[in-house]
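If you want the building blocks of each chain, they are given just below.
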Amino acid sequence: QITLKESGPTLVKPTQTLTLTCTFSGFSLSTNGLGVGWIRQPPGKALEWLALVYWNDDKRYTPSLKSRLTITKDTSKNQVVLTMTNMDPVDTATYYCARLDFWSGRDFDCWGQGTLVTVSS
Amino acid sequence: QSVLTQPPSVSGAPGQKLTISCTGSNSNIGARYDVQWYQQVPGTAPKLLIFGNSNRPSGVPDRFSGSKSGTSASLAITGLQAEDEADYYCQSYDSSLSGWVFGGGTKLTVL
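Chains as they are written, first to last, in the working numbering: chain X, 1 to 121; chain W, 1 to 111.
Just to be clear, a hint being listed does not mean it is correct.
[What the hints assert, rightly or not] Ranges between beta-carbon positions, derived for each pair:
#1 W:Asp62 <-> X:Asn86: 24 to 34 Å
#2 X:Gln1 <-> W:Asn55: 17 to 27 Å
#3 W:Leu97 <-> X:Lys45: 40 to 50 Å
[To be verified] Pairs of lysine to aspartate or glutamate, EDC-like flavour, derived with a Cα cap of 16 Å:
#4 X:Lys66 <-> X:Asp101
#5 X:Lys45 <-> W:Asp87
#6 W:Lys47 <-> X:Asp101
#7 W:Lys47 <-> X:Asp91
Derived by calculation from the structure, the hints in this document are not laboratory data.
It should be emphasised that the depicted structure is a prediction, and the values quoted were computed from it without experimental measurement.
Even glycine gets a Cβ: it sits at the ideal position worked out from N, Cα and C.
Let the sequences and hints guide you as you build the complete structure.
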């Protein structure tokens with residue numbers, strides 16, 4: 001059974017750095033073709049892909065936020081960490097991590113429950 | 001403004017057939033990148049409904065089907081049920097953005 005779970009602060013102040021951790025089980029990020037990505041969803045709005053790290057440590061970022069994002073993986077701990085600098089109230093959203101299986105064509109086939117992050121002073 | 005365009009809402013009576021469209025461009029759907037569809041019940045995480053344009057993960061009822069043509073894709077739901085009431089998102093990959101893109105979402109209401 002594949003599970004993912006996001007963890008991190010629920011409230012951050014403007015200009016602070018957000019650090020979110022995705023802890024997963026049921027698969028290994030050392031397996032060829034797998035990746036873990038982060039997707040966010042502001043309240044009442046659509047999904048937005050942020051970043052993804054592949055099994056081979058190839059990293060991708062959405063262009064509009066690339067300067068603020070860093071994604072890393074710790075294969076031994078089954079964790080993927082996303083950091084986002086210079087947080088702003090418009091970054092208030094539910095942040096999800098999700099698995100991607102490149103060879104089977106299953107983009108984001110398993111999702112975490114999400115964690116709501118509020119940016120406010 | 002989402003890269004993929006979906007109608008904001010659709011509605012239908014139980015038992016009816018509905019179709020949700022997803023329009024992209026030559027840098028995503030039209031560039032032969034696959035389309036995925038997700039179902040999101042309010043307050044819960046999205047769930048993969050269709051992958052690779054028309055494939056259903058195990059456990060997804062065959063009432064749900066997907067198709068793709070040119071720069072557009074569609075999700076069809078037959079035999080509409082009350083439990084189908086949710087938000088639906090299409091998703092693909094965009095070569096000009098070098099990343100994954102989602103539609104703006106469609107709220108399905110069962111009358």
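Hint check results:
1. W:Asp62 <-> X:Asn86: 24 to 34 Å: Since the Cβ atoms of W:Asp62 and X:Asn86 sit about 47 Å apart, the hinted range of 24 to 34 Å is violated.
2. X:Gln1 <-> W:Asn55: 17 to 27 Å: This hint holds: roughly 21 Å between Cβ atoms.
3. W:Leu97 <-> X:Lys45: 40 to 50 Å: Because 19 Å falls outside the window, the suggested range is violated.
4. X:Lys66 <-> X:Asp101: Given pair X:Lys66, X:Asp101 is violated - Cα atoms ~23 Å apart, limit 16 Å.
5. X:Lys45 <-> W:Asp87: With Cα atoms ~11 Å apart, X:Lys45 and W:Asp87 stay inside 16 Å; holds.
6. W:Lys47 <-> X:Asp101: holds (15 Å)
7. W:Lys47 <-> X:Asp91: Since the Cα atoms of W:Lys47 and X:Asp91 sit roughly 23 Å apart, the hinted pair is violated (cutoff 16 Å).
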